[in-house]
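K.L.:
One-letter residues, chain by chain:
Number of protein chains: 8
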Amino acid sequence: MKTEDILEKFKKDEISKEEALRFFARQPFDDLGFAKTDTHRETRQGAYEVVFCQGKEDDFLVKIYQRLLEENGEVFGTRASTHQYELVKKYIPEITYDSVSRILKYEKEGKERIGNVAVVTAGTADIAVAEEAAQTAEHFGCNVKRIYDVGVSGIHRLLAHVDEINEANCVIAIAGMEGALASVVAGLVKNPVIAVPTSVGYGASFEGLSALLTMINSCANGITVVNIDNGYGAAYSAAQINRLAEKK
Amino acid sequence: MKTEDILEKFKKDEISKEEALRFFARQPFDDLGFAKTDTHRETRQGAYEVVFCQGKEDDFLVKIYQRLLEENGEVFGTRASTHQYELVKKYIPEITYDSVSRILKYEKEGKERIGNVAVVTAGTADIAVAEEAAQTAEHFGCNVKRIYDVGVSGIHRLLAHVDEINEANCVIAIAGMEGALASVVAGLVKNPVIAVPTSVGYGASFEGLSALLTMINSCANGITVVNIDNGYGAAYSAAQINRLAEKK
Amino acid sequence: MKTEDILEKFKKDEISKEEALRFFARQPFDDLGFAKTDTHRETRQGAYEVVFCQGKEDDFLVKIYQRLLEENGEVFGTRASTHQYELVKKYIPEITYDSVSRILKYEKEGKERIGNVAVVTAGTADIAVAEEAAQTAEHFGCNVKRIYDVGVSGIHRLLAHVDEINEANCVIAIAGMEGALASVVAGLVKNPVIAVPTSVGYGASFEGLSALLTMINSCANGITVVNIDNGYGAAYSAAQINRLAEKK
Amino acid sequence: MKTEDILEKFKKDEISKEEALRFFARQPFDDLGFAKTDTHRETRQGAYEVVFCQGKEDDFLVKIYQRLLEENGEVFGTRASTHQYELVKKYIPEITYDSVSRILKYEKEGKERIGNVAVVTAGTADIAVAEEAAQTAEHFGCNVKRIYDVGVSGIHRLLAHVDEINEANCVIAIAGMEGALASVVAGLVKNPVIAVPTSVGYGASFEGLSALLTMINSCANGITVVNIDNGYGAAYSAAQINRLAEKK
Amino acid sequence: MKTEDILEKFKKDEISKEEALRFFARQPFDDLGFAKTDTHRETRQGAYEVVFCQGKEDDFLVKIYQRLLEENGEVFGTRASTHQYELVKKYIPEITYDSVSRILKYEKEGKERIGNVAVVTAGTADIAVAEEAAQTAEHFGCNVKRIYDVGVSGIHRLLAHVDEINEANCVIAIAGMEGALASVVAGLVKNPVIAVPTSVGYGASFEGLSALLTMINSCANGITVVNIDNGYGAAYSAAQINRLAEKK
Amino acid sequence: MKTEDILEKFKKDEISKEEALRFFARQPFDDLGFAKTDTHRETRQGAYEVVFCQGKEDDFLVKIYQRLLEENGEVFGTRASTHQYELVKKYIPEITYDSVSRILKYEKEGKERIGNVAVVTAGTADIAVAEEAAQTAEHFGCNVKRIYDVGVSGIHRLLAHVDEINEANCVIAIAGMEGALASVVAGLVKNPVIAVPTSVGYGASFEGLSALLTMINSCANGITVVNIDNGYGAAYSAAQINRLAEKK
Amino acid sequence: MKTEDILEKFKKDEISKEEALRFFARQPFDDLGFAKTDTHRETRQGAYEVVFCQGKEDDFLVKIYQRLLEENGEVFGTRASTHQYELVKKYIPEITYDSVSRILKYEKEGKERIGNVAVVTAGTADIAVAEEAAQTAEHFGCNVKRIYDVGVSGIHRLLAHVDEINEANCVIAIAGMEGALASVVAGLVKNPVIAVPTSVGYGASFEGLSALLTMINSCANGITVVNIDNGYGAAYSAAQINRLAEKK
Amino acid sequence: MKTEDILEKFKKDEISKEEALRFFARQPFDDLGFAKTDTHRETRQGAYEVVFCQGKEDDFLVKIYQRLLEENGEVFGTRASTHQYELVKKYIPEITYDSVSRILKYEKEGKERIGNVAVVTAGTADIAVAEEAAQTAEHFGCNVKRIYDVGVSGIHRLLAHVDEINEANCVIAIAGMEGALASVVAGLVKNPVIAVPTSVGYGASFEGLSALLTMINSCANGITVVNIDNGYGAAYSAAQINRLAEKK
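Residue numbers (the working numbering), protein chains in the order written: chain A, 1 to 248; chain B, 1 to 248; chain C, 1 to 248; chain D, 1 to 248; chain E, 1 to 248; chain F, 1 to 248; chain G, 1 to 248; chain H, 1 to 248.
Honestly, the hints are just simulated from the structure, not real lab data. Glycine included, each C-beta is placed from N, C-alpha and C at the ideal position. Among the hints, erroneous ones may be present.
[To be verified] EDC-like cross-link-like pairs, simulated, lysine to aspartate or glutamate; straight-line CA separation at most 20 Å:
(1) Lys12(C) - Asp163(F)
(2) Lys17(B) - Glu74(E)
(3) Lys190(B) - Glu107(B)
(4) Lys108(G) - Asp98(G)
(5) Lys89(G) - Glu112(G)
(6) Lys111(G) - Glu86(G)
(7) Lys111(H) - Glu246(H)
(8) Lys90(H) - Glu112(H)
(9) Lys190(A) - Glu246(A)
(10) Lys17(E) - Glu70(B)
(11) Lys9(B) - Glu94(E)
(12) Lys17(G) - Asp5(A)
(13) Lys90(A) - Asp58(A)
(14) Lys11(D) - Glu18(H)
(15) Lys108(G) - Asp59(G)
(16) Lys12(A) - Glu18(G)
(17) Lys90(B) - Glu112(B)
(18) Lys11(G) - Glu246(A)
(19) Lys90(F) - Glu112(F)
(20) Lys17(G) - Asp58(A)
(21) Lys17(A) - Glu138(G)
(22) Lys12(H) - Glu109(D)
(23) Lys17(F) - Glu94(C)
(24) Lys12(A) - Glu14(G)
(25) Lys89(H) - Glu57(H)
(26) Lys11(G) - Glu57(A)
(27) Lys111(C) - Glu86(C)
(28) Lys63(D) - Glu74(D)
(29) Lys12(E) - Asp13(B)
[Claimed, not checked] Here are some, though not all, of the chain B residues that point toward chain A, as calculated from beta-carbon distances under 10 Å:
(30) Ala35
(31) Gly55
(32) Asn72
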C-alpha cells in the first residue's frame, strides 16, 4: 500500500520530509491557469481526457490540444467547428476533421479494436449524432456496426436487422422526434441499450425534449439514456461495457 | 330554405310578426338556469349531448340526466363515480354503470352497429381508458375490436394482430409511459389512427405528458392525437370516420 | 394466403429452396446506405413515401429524390428551402417549388381528385401551414376548399362559411396564438375536424405550445390534433378519411 | 394639501411637535402582531381589505374577522371552508356562508348597486368561480347579470345572449379546458372583457394552465386576464371599471 | 330593432324578398381572398381593425393597408419593421413610422383626446413596449402620461410619482425581469392597473415568463394582465376603460 | 437455421402443412385476454417477465402472478402494496414481501450470484429505491454491495468508499434533491455508472425532475440515466453489464 | 500543520505506524449502516448536522436523534410531524416541538446570541416558513427580529419598518404568490438579502415556482435565493453572514 | 432626527414653508426623462448604480454613462458589446473594456481592496461569467482569488484547493451543465457559498435551467443562488458579505 511505503521510506530517511509532504499534497492534474487538464484520468478511469470543443475560446483550445497531444500522443475532441479545425491545424498539422461527426482528432495508427457495438438510428437526420457515437466508440477501441434509418414507422426495416443488432455487446439507439426506436430495439435484444435522443424534429419536439422523455419512460427493459445529441457520452459508456464483455 | 319560408309566411299573414321575430330569436337549447342543454346538437352534429360527469354537482347531474333522457330516450355519461351511479339510480332506476370504463348510461335496446373500429392498448393498465373508448364507439354505432396489451417492448405481440387491426376503418391506439405504440401501429395500417396518451406511468411521465409528446411528434403518417386519457374523444372521432366509411 | 402459396410451390419444386428462403428473408425497402427508402409503403399504407426535406444533407436529398422518382414516377417533399429547390432542379429539371407552402414536387399530370376537404385558418399568417396542408391533400387525391382568415375574434366571418365547411368530409382547422378556432368549428360541423396549431404568435404563445394545448383540451367533440405547423400530417389523415368516405 | 396643513398648524402651535412628528411617523395599519390589517386601504383604494381565508390558521382568522368587522361594520372573505364558517360563526353569529362561492361575509343591509357587470361561463363546472366573481362584484356595489354554460362548442347558446352581454360595462368571461370563450366574447362586445381561466379540465389542461395560455394569447382586442380560478380578482377590477363608468 | 324593420319593410314591399334575404345573409367583412378585413368592427366594437404587421407577407401587407385606409381614412399597425415601412411608403407616401414603438400609421389630424391613461415602466429597456402602449392609447383617443424607469429596486422613484399616477383612469404598468412593479403600483392607486410583462431580462426570465407569472400571481387588488410585450393590447383595454370613465 | 429446417421437414413430409403453417403463425406469448404474458422473453432477452404491480387490478394481478409462477417456477414483481401482498398470498402462500423495496416475489432457492454491482445512495431517504435496485440485481444473479448515505455535502464519506465502489462491474448511483452524487462517482470509477434520480426533495425538486436533469447533463464520462425512482430499470441494465463482464 | 505533525511523531516513535496509518485512513463520520452521521461537520463547517425529518422512517429517525444528541449534547431537526414528535419523545423525553415551525429539538440552555438577523414576510400565510427560519437562526446563535405581513400590496407597512430592517446584518425576505417583497426590500437596505419563495398561492403560482422565478430575476442588487419553503437554508446562510459580521 | 430638524427650522423661520415642503417632496434621483438614475443609491445601499448595458439604446447608454461618471467619478457597466465600447469611447476616451467579462468601466486609481472572495468554476467555458464576478467584486473593493476548472468529474482538482477556498469570506461557485460543483464546495467550507448557474451546456441543460435547479435543490448547507450567468449579482452580494466580515 502506497501510503505505507511513503511512511516507511520517510522513517528510513530514504525520502526527505519535503518529499513525503509533497506526496500527500501533489495534484494529479496539469494546471494551465485557465484549465486543469486531467492527466491522471487514464490511470483513474482507463481513458484520457477528451475535449468538448464547442464554446472554447481559440487560445484556450489550441493550448489544450497541444498539451493533451504531448501528454498522450493522441488527442480527440468533439463538437468542433470548421473554424476550430483550421485554427488547430496551424499548430498541429496532422490533425484531421470529419464535418459530419464534427470530430477533430489525431489518433495513433494501428489501434486495436475489439468486441462489437451497434449504432442504430431512426432517420437519416440522426446520422451526425450517430457518427459522433460511432467514431468515439472506435476511438475507444470498439468494432462498430452502423445500421441507419430503421425508424419505427416502417418496422420491417428494423426487423430485417435484428440478428445483426443482437450480436453487439451494447446497442446505441439514436432517434429524434418521438424517439420510439429505443423501446422497440430494447424489446428485441438481450444486451444493454443506450438511448440517445436527438434534437431532430420540430414543433412540440422542443429541441429533443420529447425524445428524451420517451426514452426515459420506456416500458422496455435494458434501456439507459444520455443527454440530447450526446453521441459521445453514449459511446463512452458503450465502450466501457464492450471492454468489460471482451476482457480476458 | 327556411328563412325564405318564414318571410313568405309572414308576408301572407300565415304567421304573425311575433312568430316571425321569435323564429330569428329562438334559441336551439334548453335553459335549465345552471346549464343550457344542447337539444339542437343531434340535428347539427349527428349525435346528441354526452355528459362529462366528473365534477358536476349532485343536483345538477340528476337534472341533466333526467332532461336528456326525456329529450332523447337515451342518456350517456363518462367519468362517473360510484357515488354518482347510486345517486342517479334513485331517479332513473334503469340506468347502468360499468366500473372499469366509468360509463353511466341508459341505451335503447337493439341499436344497430356498423363498420369496424379497433381499440389497441400497450398495457393492461390502459384498459380503463380503452373501455371508455370502446363502449363510446359502440354507443355511437360502431362494431369494435379490442386488442389489449400489445406494447412495443414485445413487438411480436403486436405483429401477430396486424391483419386484424388493418381491417378497421379507424384504429384507436392507447398507451401511457413512452407511448410508442401509436407510431408502430400507424406504420403498419392504411386507415386513420387516433392516438390516446394515458396517464399510466411514473416519474418523468408527468401524468401522461410524455406519452402525449411522443404521439404528437410521431414520425409515422396518419396519426392524430386527443387529450390524455380521453378515450371518449377518440371514440367520437373514430365513430365519425366509421360512419363516413360505411355510409351507403 | 401467401405463406401457404410459397410452401406449396416449394413442395412442388416450382420454386427452389433458395427462392423460398428469400421470400421469408427479403426486405421490403431499398437500402441506400445512409437511408432505407420504404418502397413497400404504397402496398402497405396506400401512399408512397414523402420526403421531409428540412435538415437533410444536400447529397442525401438528391439521391432520395432521384430514387423515389424512379420508383414511383412522382416525388413529393415538404419543408424544402429555396436552396434545396435549386439543388434538386439540377438533377430533376421538371421539379416544381412553391415558396409559400415550401413544397418541392414532381406530380403526374391529370391526377384524379375526389371528395372534399376544407382547410380553414384563423389568420393570414397561418397561410403557409394551410397551403402545405391543402397541396398535400390535393397530392393525395382530394378536392380542397380553402377558407382563410376566419378567426374567432370576428365570429361572423366564420359563421358566413358554415354551410360550405359542413360539406367537407373532413375539416382541417389551422390557428396560432390562442387556437380557439378549432373548438368553434368542431361545434358547428358533423364530420371530423383535424386541428393544426401553428407557431404564429408571440410572448406566451411559446412557439405554438399555447395553441397546441388549446386544441388538445378542446371542449368540443370530434377534434383530433397534430404537431405544431404540421400541415402535412393533418392532410395525410384528412386524405385517409376522405378516401374512406368516397370509396365505392 | 395635508402636509402643508400640519406644517401650518404646528407653526401656529395648534398642534404640538409630538403631534406633528406622529403625523409623519404614524402607520396606516393596525398591527395584530401576526398580521397588519390595512385599515388605510379604503381611503387609498376605495375598498377595505378582503380576507383570503384559505390556509389561514384558525386563531388568526377569527382575530382578523373580528378586527375588520369592528373597523368597517362589514367583513368579506373568499375561499372559506365549512370548518372556517363554523369557527367564525361562534364569534360572529351574524356571519353568512355560501358553499358554492365559498364566500364568508357579513354585509350591511340595503347596499346600493349601480351599473352592470356580466358574468359569463363556458360550462356548469365553472359556476363556483363565477359565483365568487358575481357575489364579489355585488359586494363592491355592482348590478350583476349571470349567463352560464354558453361555451363555444355550441356557439348558438352564446350568440343568443350577445345583446344582453353588450349592455354590461365590463364582462367577466370564465372558462376552463381550452378557455376559448373569452376570445369569442371579446370579438362581440365593445367594453372590457376580463378573462378568468379555471382549473376545470383534465390531462393536458394542467390545472388551468391551458386556459390561462389561451386567454393570454387571445387574438381578440379588449381582453385582460387574471390568475386561474381568481373570480375575486376579476370582480374587483370589474367593479373598478363599473364605478368609473357610472360615476356622476 | 333592425330585424323588425326589415320584416316591416319587406311586408310593405319597400324592399324586395331578395333584399330581405341578403340582409340575413350578408357578411360584414371585406373578402380579399387571403384576408377578410373586418369592416364591421367599428360598429361592433367601437374601433376599426388594427394591423399586426409582424410576419405578414409583403404583398398581403400592402393590400391590407390600402384597403383599411380606403375604408377608414386612417390606418394603424404595430410591430412593423423598417423594411415594411419602406415597402408601404411606396404605396402610401403619407405613412409614418416610429422606430422605437415600431408603429406604422396614418392618422387623421386634430383627433380629440380625452381622460388620462398613465404608462409606467420599471426600466429604460421597457420603453419600446411602453411607447407601443402610449401611442396606441393616443390613437384611440386618450391623453397619456408617461412615467418611465421607476422600478421597485429604488422604490422612492415610484413613490415620487404616486399622485400623478393616481390621477389616471387606468394605469398601464410595464416591467420585465421579475415584474414586481405592477403589484406595488396596484397597492397605491384606486383605478384599474393593466400589467404588461416584457421579455426584458436574461437567464431564468425565460423571455418574459417570469414577469408574466409574477403579474398573474399578484397579491394586490385591481391588476389584470396581457401577453408578454403586448403594449398594444394593454392600451386597447385602457382606452376602453378611459372612454367609459369619460363618457357624458 | 430454423426456417430452413421447417421447410426441409415439410418437403420430406416429416411435418404436415398445418404444422408448418402453425410455425409461421404461432405467437410467442400467452393470451390471458386482458394481458398477453411474454412467455418468449427469456429466450429473446435472457430474463423472464417481471410484474409492475402498481395500478394493476386485483383480479388481473393474481392471474398474472399465477401464470408466471407456473411458467417459470419463479415470479418477481415491483411496486407492490401491502394490500397486493395479502391478496396474492391467498393464492400463492409461499410469496414473500419486503415493505422497504416493495418487492413481491417467489424465488427458487440456491440461485447462483456472480460478479459485483455496487448500489450507492446520497441519503437515507433514497434507500427504498436502492433496495428495489439491489434486490432486483440479486434476483438477476448479481452479487451486490450496498453503500448508503454518502451524498456530496460530506464528500469524505464517499471518498472513504472509492476503492470498494471501483471493484464493481457496474455502479448504480441513486440520489434525489440536486442529484450531484452521480457526477462525482463517475469521475472516480472506471466502469459504467447508471444514475437513478429519486423523487426525494421538496420545492423546486419537482418530484425528481431536478435530479433527472442533473444526471442527464452530467459533465462526467460514463453515466447513463433511467427514470425517476426506477431502481428496477437500473438494476436490469446493471445485471446485463455484470453478466457480460463475468461470462466465460 | 497536521500532516506534518503526524509524520514527525511517527518518526520519533511517539506514535506507532498503525496509529499513523489510521490517521490517513480514518473516516470522519459515524456509520449507522443506513446512515453515516457527519460527526466531523462542526469542525469542518462550524455547525453540527441538522436532521431533515420529513420522509425519514421511524426507526432511522430515532437512532439518528439519539446518536446526534449523544455526540453534541444538542439535536435539531426540521419538518417534523406531530407523529415524529411523539415517537422521539418516547426515547428523548426532554425533546420539544413547535407545531408552527415544525422544529423538533433539544437545545442547551443559556446559549449566547449575537448580531441581528431580520426575518420579513409578505403575508400571514408565510409565517410557518418564517418561524423555521427565525428559530433556526436563533439555534445558530443569532438575535432575530421578526417583521411579518408587510407585503408590497400595502407598501406603507413595509416602509414603516425600513430603519429596523436596515439594522440587521442579513435580511431574510419570505414571500409566496408573486414574491415581489424581496426586490423592494433589497432596494432599501445595504446588507445582504436572502430571499425565500414560499408555496403560498394558487393557480399559476405553481406551488412556489412563480415566487422563485421572481426572486431569481430580481432587478435589485444584493439578493440571493434558496429553495421554495426553505426557511432552514436561508437561516443557515444568514447565520454564517451574521457570524462573519460579528466576529472579533 | 431629520424630520424633526426640518420642523424646528421651519418654526424658527430659518427655512421657508416652500423649503420645508420641498424637503418632504424631493426626489433622490436624477430624471433624464427616459431614465431616472439612482443618485441616492450610494447613501442608501453603499454602492452607486451599475449599468446593465445589454439592450440599452445607443443614445440612452451614452447619456447614462456620462451622467454617472459625472456624479461618481467612476462608472461601471456589465454585458457591454464591442459596439457599445466603441460608442462610449467616443464620449469618454478613458473608458476601458474587457472582452472576456464584457465589463465596460472607468475606475479611480488606487482603490483599496480588503478581505477575500474566492471565485471557483467547474470548467473553462464558465470563465466569462467568472470574470464578470471577479472584476465586479474587485470593483466593490474585494481581494479576489480565482480558482478555475475544478469541476466534480475530477474531484481531486477541487480537493487540492480546499484550504485556499476556505480562507475566503465568501465563495462564488460557478458551473453550467449539471452544476454539481456548488454542493461539493459548500460541503467543504464554512463561509457562505453563492452559486451561479451558467448557460454552458447543451440538450437538456435548457440554457442553464438544469444547473439552476441543481443549485436551488442542493442538499448542502450554506448555499444561496443567483440568476443564470449572473456573475455580477453574485459578486455584489459577496462584496456585501466581505465588507461585513472585514469592517473594524
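K.L.:
Taking the hints in turn, state whether each one holds.
P.N.:
Do the hints match the structure? See the list:
no.	hint	verdict
1	Lys12(C) - Asp163(F)	violated (68 Å)
2	Lys17(B) - Glu74(E)	violated (42 Å)
3	Lys190(B) - Glu107(B)	violated (33 Å)
4	Lys108(G) - Asp98(G)	holds (17 Å)
5	Lys89(G) - Glu112(G)	violated (26 Å)
6	Lys111(G) - Glu86(G)	violated (26 Å)
7	Lys111(H) - Glu246(H)	holds (16 Å)
8	Lys90(H) - Glu112(H)	violated (29 Å)
9	Lys190(A) - Glu246(A)	holds (16 Å)
10	Lys17(E) - Glu70(B)	violated (40 Å)
11	Lys9(B) - Glu94(E)	violated (54 Å)
12	Lys17(G) - Asp5(A)	holds (11 Å)
13	Lys90(A) - Asp58(A)	holds (12 Å)
14	Lys11(D) - Glu18(H)	holds (14 Å)
15	Lys108(G) - Asp59(G)	violated (25 Å)
16	Lys12(A) - Glu18(G)	holds (17 Å)
17	Lys90(B) - Glu112(B)	violated (29 Å)
18	Lys11(G) - Glu246(A)	violated (48 Å)
19	Lys90(F) - Glu112(F)	violated (29 Å)
20	Lys17(G) - Asp58(A)	violated (51 Å)
21	Lys17(A) - Glu138(G)	violated (46 Å)
22	Lys12(H) - Glu109(D)	violated (53 Å)
23	Lys17(F) - Glu94(C)	violated (52 Å)
24	Lys12(A) - Glu14(G)	holds (16 Å)
25	Lys89(H) - Glu57(H)	holds (15 Å)
26	Lys11(G) - Glu57(A)	violated (50 Å)
27	Lys111(C) - Glu86(C)	violated (26 Å)
28	Lys63(D) - Glu74(D)	holds (14 Å)
29	Lys12(E) - Asp13(B)	holds (12 Å)
30	Ala35	violated (34 Å)
31	Gly55	violated (28 Å)
32	Asn72	violated (38 Å)
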